[in-house]
Amino acid sequence: MMVAKRSVVRRILTVDLPMLAILAFTLGPYLWMFITSITQESRLFTTGPSVIGATLDNYRQLFEKVGFLSNMLDSLIIAGGTVVVGLTVSVTAAYAFSRFSFPGRRALLLQFLVINMFPIVLLILPLFVLMRVLGLLDTHLALIIANSTIAIPFSVWMMTSYMNGIPRSLDEAAMTDGCTRLGALVRVVLPLCVPGIIATGIYIFITAWNEYLYALTLGGRSVRPITVAVQTLIGEYEIRWGLLTAGGIVGAMPATVLFLIVQRRLISGLTQGAVKG
Amino acid sequence: MTDTAQSPGGFALGRRILPLALLSPAVIVTLAIVFFPMAQTAWMSLHEYILFRPNDFDFIGLENFMAALADEVFWISLWHTVIWIFLTIPAQLLLGLVTALILNQNFPWRPIARALIIIPWALPSVVIALMWVWMYDSNYGIINDTLLRLDIINAAVPWLANPDTALYAIILTLTWQGFPFFAVMILAALQSIPKSYYEAAAIDGASRWNQFRHITLPGISGVLVTAVLLRTIWVANSIDVIYVMTGGGPGYATYTLPLYAFVKARANLDFGYGSALAVMFTLMLMGLVVVYLTRVGKALR
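Residue numbers (my numbering), protein chains in the order written: chain A, 30 to 306; chain B, 2 to 302.
Think of the hints as simulated: they come from the structure by calculation, not from any bench. Some hints could be false.
[Stated by the list, open to error] DEER-style ranges, computed between Cβ atoms:
| id | chain 1 | residue 1 | chain 2 | residue 2 | range |
| --- | --- | --- | --- | --- | --- |
| 1 | B | E73 | A | V38 | 57 to 63 angstroms |
| 2 | B | P109 | A | L139 | 41 to 47 angstroms |
| 3 | B | M285 | A | L139 | 52 to 58 angstroms |
| 4 | A | V38 | B | L148 | 31 to 37 angstroms |
| 5 | A | R250 | B | P91 | 56 to 62 angstroms |
| 6 | B | F108 | A | A83 | 30 to 36 angstroms |
| 7 | A | L170 | B | G62 | 34 to 40 angstroms |
| 8 | A | G57 | B | A162 | 41 to 47 angstroms |
| 9 | A | F131 | B | D165 | 52 to 58 angstroms |
| 10 | A | T205 | B | Y198 | 24 to 30 angstroms |
[What the hints assert, rightly or not] Here are some chain A residues pointing at chain B (derived, C-beta under 10 angstroms):
| id | residue |
| --- | --- |
| 11 | T55 |
| 12 | R253 |
| 13 | Q260 |
| 14 | L273 |
| 15 | L289 |
[Claimed, not checked] Anything over 12 angstroms on all C-beta distances counts as not near chain B; from chain A, calculated:
| id | residue |
| --- | --- |
| 16 | L49 |
| 17 | S99 |
| 18 | L102 |
| 19 | M146 |
| 20 | G164 |
| 21 | T168 |
| 22 | P196 |
Treat the numbers as computed from the prediction; the structure is a model and nothing was measured. Backbone N, C-alpha and C fix where the C-beta goes; we use that ideal spot for every residue, glycine too.
All chains, full assembly: derive it from the sequences and hints.
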């Protein structure tokens, strides 16, 4: 009895309290941003941010005066488009990588990995020149293309590792029953991949939604995704922290919620690739 | 059985062409939007190319590169990049390791803690940058407020406006953003170490520290190396948080090399020089990338 009690105390001291401290560090800034966003502008600089007398004024202004809804729509189109492009070109590639051995397989697979290691500046400058020549600057398409440079390599890797987990004997059985290779892919492997496809798609969506530098460089006027919109609040209204933090909360919301929903599968997928590496 | 029923020749051809056909969309698209533009950066770096004079595109050989080597800001930025990596990565690693070790213990609310710890990773970097700017604010920021109340400082410090503190303030933000990644990776590795090892060691009377040194560390060392390589490449590359927080300032106090390349191109529209800086930085990073790829390549075999 005594021993059990002492071990609980010990656990609280060595596990629960340190964990709480780390969580406070992790979530503190986010909570502080939230509290700031529900504090009245006039009280922010006198009594400081607090939950007492909470107001949704900042959020109302964000949508009514700043027009945040159209920024969210821009982000949605871009992120959605990137998901579609990223998934369609990578699913067949992943199938080829996971089911065939052919000369150059390893080199090609590594080539997709290396893309995400190049600094973004290396791509951002020529893409700007390219989009200008094509007359695509400040369009959704330009940003979908730019975000695909990140999304395609990632989803090729993620889908390959997911498909490797689906036994080959299933395709072989389907082919014995008269399916072609492609038939086996469409009827057998794809349906089994749905969870992997969803997780990959959500990850692409989050990355594209959160992306800032491409959005700033290739968009900005008529197409203004949420990340750019939040940042421009600084210039247009001096620094109105209440409004700005409200924008931050709204801008971060979709990605955070999606992330919490799929985090288990996503993390096991991400770490699997890394642990194997 | 359609493809196996054909003649051996047709079967081999089909098997050879099909994977290539399946790969072609991804390969063609990445060639077009990644590798072609990268080649273009290399090409631009050999030219004098300033965007508001689009008709001048004069080949100047390596002049941009020579100019960079003689450019004081280049060396300042390079030095900051080194500080940036050598402080951020160990800080993220240590905090991530401690977090992973705690998360590997049994406590009732472990699943919640594990889910919440990753939140910084899911936030847009702009939002991260802005909320830290707000906390660092010299008049109303919570950090100054707290430190003043605790009597640790006598007067508010303008953390981001002071050249001596700005870089370190951003490094703290980056540590906050990146340590969950380490925690999650290390946790996965910890969970792959068989419990029986610890039980056997405990029976033999090994202390906790010795268990950590001889069982835990060897068990996670592979992941640690991979994670450090991967993060170093990412942290070195990441410029969005710095760009939003200080834009490189005050003065050149928070310039890193990729940021300098970006600012050069964006503010001065000097795409030739900006490209040269980007190419130089990429070449420096190449060493790390090659090490990482060899590790992954071995695992693929």
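Exercise. Does the Cβ-Cβ separation between R250 (chain A) and P91 (chain B) fall within 56 to 62 angstroms?
Worked result: violated (42 angstroms)
Problem set entry | Given as non-interface: L49 (chain A), partner chain B, CB spacing beyond 12 angstroms | violated (9 angstroms)
Exercise. Can we keep the L289 (chain A) interface hint, with Cβ of chain B closer than 10 angstroms?
Worked result: holds (6 angstroms)
Exercise. Hint check: is the beta carbon of T55 (chain A) less than 10 angstroms from a beta carbon of chain B?
Worked result: holds (6 angstroms)
Problem set entry | Reported absence of T168 (chain A) from the contact zone with chain B (all CB gaps over 12 angstroms) | About 15 angstroms separates T168 (chain A) from the closest Cβ of chain B, which puts it past 12 angstroms; holds.
Exercise. When you take the CB atoms of L170 (chain A) and G62 (chain B), is the distance between them in 34 to 40 angstroms?
Worked result: holds (36 angstroms)
Exercise. Is 52 to 58 angstroms a correct range for the gap between the Cβ atoms of F131 (chain A) and D165 (chain B)?
Worked result: Since the Cβ atoms of F131 (chain A) and D165 (chain B) sit about 57 angstroms apart, the hinted range of 52 to 58 angstroms holds.
Exercise. Is the gap between the beta carbons of M285 (chain B) and L139 (chain A) within 52 to 58 angstroms?
Worked result: violated (20 angstroms)
For this session: With chain B as the partner, please determine if L273 (chain A) meets the hint condition of a C-beta pair closer than 10 angstroms.
Result: Check passed: Cβ of L273 (chain A) comes within 6 angstroms of chain B, closer than 10 angstroms.
Problem set entry | Agreement of hint Q260 (chain A) with chain B interface, Cβ distance less than 10 angstroms | Status holds, d = 5 angstroms.
Exercise. Between F108 (chain B) and A83 (chain A), does the C-beta distance stay in 30 to 36 angstroms?
Worked result: Given range 30 to 36 angstroms: holds, Cβ gap about 32 angstroms.
Problem set entry | Status of the given 41 to 47 angstroms range, CB of A162 (chain B) versus CB of G57 (chain A) | violated (23 angstroms)
Checked against the numbered hints given earlier, this structure breaks hints 3, 5, 8, 10, 12, 16 and 19; the rest are met.
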